[in-house]
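Can you build the whole structure from these sequences, using the hints too?
Protein sequence lines correspond, in order, to chains A and B. Position 207 (the first sequence) corresponds to 207 in our numbering; numbering is contiguous. Position in the second sequence (first residue = 1) + 1000 = our numbering.
Please note that the accuracy of each hint is not assured.
As the list claims (entries may be wrong) - Stretch-level coverage of chain A by chain B, calculated; a stretch enters the list once three of its residues show a Cβ under 8 Å from a Cβ in chain B: (1) 94-100; (2) 104-112; (3) 121-134; (4) 169-179.
It is worth saying that the hints were derived from the structure and are not from the lab. Here a beta-carbon is modelled for each residue, glycine too, at the ideal position from N, C-alpha and C.
Given next are the chains, with one letter for each unit.
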Amino acid sequence: MPNVLITGADRGLGLALAREYLGLGYTVFAGRYLRDYALLDALAREAGGRLHPIELDVESRVSIQEAARQVSSLTDHLDALVSNAAYMGGPENARIRGEEPIDEELMLKSVRVNALGALQCVELFLPLLDKGSQKRLCFISSEVSSVSLMQRDGDFRYCMSKTALNIAVRMLHNTLAPRGYSFRLYQPGWMRRQMPDGSLLNRDDRQINADDSAREAVRRFTDSRPDEARLELVDYLGSIWPY
Amino acid sequence: MNAYFTRLDSDFARELAALLSGEGHAVYAGEQRDGLERMDLFIASQDVREPDDDFTVLDGVNPDAVMRSVRENLVEPIKALEAALPALDRGELRRVCFLTSGAYASVNFSHQTRGYGYAMSKAALSQAARICYNRLYPQGYTFRMFDPLIGLVPAREAAFAARECFLRSRAYDPDNPGRTDEARFVLRDALGREWPW
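Rendered as structure tokens:
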């Protein structure tokens, strides 16, 4: 039975990804971070022992190391890793010449969670992934990672951290693709936020449901291609985004 | 013209400062920013490659080296630009220049397996600078992302290329005011090549 580790699985896309993988027969190790969300526990109860919530704060190397130890106590391998955990960049709209000075600590936190966190998850789960049969590494990026198509004049913390993630994924690909690993870089779309009671916050009619994005993501995360040497950023509609 | 460097701690930055100074431009650096009434050319000259950033994912990640790179190559230049804006607003050229590396910052092109901190900080700088460009270009600012190709091109030669890149106008069509190369956000290196993002 294949298995997968998903970071940031408490709600929204991460939770929906866990549900999709369970539907395909996977065992899921689901990173839990948010204390005020119990949706993962409810899904675990439905999963018949195939979903294991794992405490995982990707901003903390110690937490990732502890999570790797915990997963190692439950399985001798991992087939796939989905790096989904993300920090949205803080409450205020960070911009040059904005109402508030740029907060450098939040700039650092954005990179530490969204890029370095993903990199360290790959590094520290690599011994388990090396023993898996799929060797599939999947990363949730964003359309705002694209320098070529960037139109915003603010919110730069989240955007720049996702660009940093993209280059880290490229470098991981340079090292690990020759060792049999394959990669997926996914732009999930603008999703409705899931609240602790499971309801969805609809801020804009253009927002999509995480379930729909997760369905397309897992279809791509579990497929195989004849050209795995190609690294591309693909969105929930199947379109390819420039970097 | 007043040219300001965030740092003069590299051969390249010192060569460029000497070149500009030799042409009669006033050159300032570091803390001198706070006393400047007017600034024309802002050069974020941070280009720090931490010695302990030289690992592959198989060697083990050094998170402290990564975050030091991010602080120096990304946070400091953006904070320095923020602090320089009042003086740049009073200048005439309003040109903002960042040092970067195509070989490390280009997601399209990178062949690197080492230097995660440097690469992540420079790629993030590309996006942060792009967003600043989107904000400031309508206010009369122009931007340069420049790769001096340190180690491949001699510092003096790279400094001359930077002088050309930083001070010369980019193409514009006098018969069609909207048709200008300044409307493109690009990364150019010391050999005049454009790199993909």
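Verification of the hints:
{"no.": "1", "hint": "94-100", "verdict": "holds (count 3)"}
{"no.": "2", "hint": "104-112", "verdict": "holds (count 5)"}
{"no.": "3", "hint": "121-134", "verdict": "holds (count 3)"}
{"no.": "4", "hint": "169-179", "verdict": "holds (count 6)"}
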